[in-house]
Amino acid sequence: MKKNGRTSCENCESRSEGIFCDLNLPELSNISEHKIFNTFKKGQTLFVQGTHPFGIYCVSKGNIKLTKTGPDGKETIVRIIHGGDILGHRSLFCDDDHMATATAMEDTEVCFIDKKFILKVIEENPTVALHVINKLSRDMGAAEKKLSSLHQKNVRERLAELLLSLKATHGVKVDNRWKIELKLTREEMATMIGTANETLIRFMTEFKDAGIIEQDGKILFIKDEKELVNWANLDY
Amino acid sequence: MKKLNFIALENKIIAEITKFSPLMKFPADAPLFYEGQIPIVAYLLIDGCIHLFKKKKQKKSLKAGSLIGYSEMMNNSPSELTAQIQADSTVCFLDKSTIIEILKGDDSQLAAFLKESEKT
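Chains A and B, in that order, are what the protein sequence lines are. Going by my numbering, the final residue of the first sequence carries number 254, and the count climbs one at a time with no gaps. Going by my numbering, the final residue of the second sequence carries number 167, and the count climbs one at a time with no gaps.
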């Protein structure tokens, strides 16, 4: 099956945000020829925790959640990956198994490139390596920030921080509000800030009562971003 | 969408393939690919079981020595079945780059076998 215009790297709607953004058209065409394009329906799994990584996944459209299952069987959302993002890039530089399970949160378009090929691309185009390093550095920064938040901030501050981070990655400005159409369950949000369901619900109510957020089913709206920043206590 | 190919291999070919890729064990049940998707690697089942489903109904179970996903991956052809590997099964995988290397490499029995399998 020849790759059509919609699935080629040259025409990818996330091209400008991805690790291949600096490549020229012939280089992109080479990747297009080699990669494997797939669509995942909501709930389908890209890879499972504890299995061997085969290469990297470039998310062209949709959202994917990375969940880690603990010894008690409880799932924690480690990260949410969106269009333009990559997955499995850690596997390029180490042979560790996948530390989490990747599941499509909605119908998602993903391209897969095997490890040998991507390493060859990196060898020939050092800018790709720089973009991967940049991505790894940002991931590390986010992980450190999350760790310190869990230790130093209270649940109210952590929830405000989570809403701001979801706004930054998935928010769409609609009139005077930020719409976050990620459709996370309360349980999923609770695991993201390391708290119990009941506690999260209590604080969500507090945020709503203060006029900072609104909810329409699972869709969240941020009404007062300035106040949310205050509540997140971002200064430390 | 073409019919999913699964090929039962001779021991000689299995031994050749395992030289190119380490064995990996699945700690839990895991989907290898879903109906309508192109497999991202080809899987050679060394030990255990892979179940094949169509619209959630089980159609077949593959046993050790079966190679699946090869022709679909090389031809960019979506599979008409979902493949689910059972916990504790062991596979050897071949990605596109490795296969291209093998095919370019020489006139080995494995290269000839892969060339022939790609057409099926």
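I should point out that these hints are in silico values taken from the structure, not numbers from a laboratory. Honestly, I wouldn't trust all of these hints.
Said to hold, decoys possible - Distance condition first, Cα-Cα at most 16 Å in a straight line; then the derived EDC-like pairs of lysine to aspartate or glutamate:
| id | chain 1 | residue 1 | chain 2 | residue 2 |
| --- | --- | --- | --- | --- |
| 1 | B | LYS101 | B | GLU127 |
| 2 | A | LYS236 | A | GLU175 |
| 3 | A | LYS138 | B | GLU148 |
| 4 | A | LYS185 | A | GLU162 |
| 5 | A | LYS79 | A | ASP115 |
| 6 | A | LYS191 | A | GLU141 |
| 7 | A | LYS197 | A | GLU232 |
| 8 | A | LYS83 | A | ASP113 |
| 9 | A | LYS86 | A | GLU232 |
| 10 | A | LYS59 | B | GLU82 |
| 11 | A | LYS201 | A | ASP242 |
| 12 | B | LYS72 | A | ASP193 |
| 13 | A | LYS79 | A | GLU35 |
| 14 | B | LYS72 | A | GLU206 |
| 15 | A | LYS201 | A | GLU142 |
| 16 | A | LYS133 | B | GLU148 |
| 17 | A | LYS83 | A | ASP125 |
| 18 | A | LYS134 | B | GLU127 |
| 19 | A | LYS60 | B | GLU148 |
| 20 | B | LYS72 | A | ASP113 |
| 21 | A | LYS92 | A | GLU206 |
Tell me, which hint numbers fail for this structure?
Hint check: 2, 4, 5, 6, 8, 9, 11, 12, 14, 15, 18, 19 fail, others pass.
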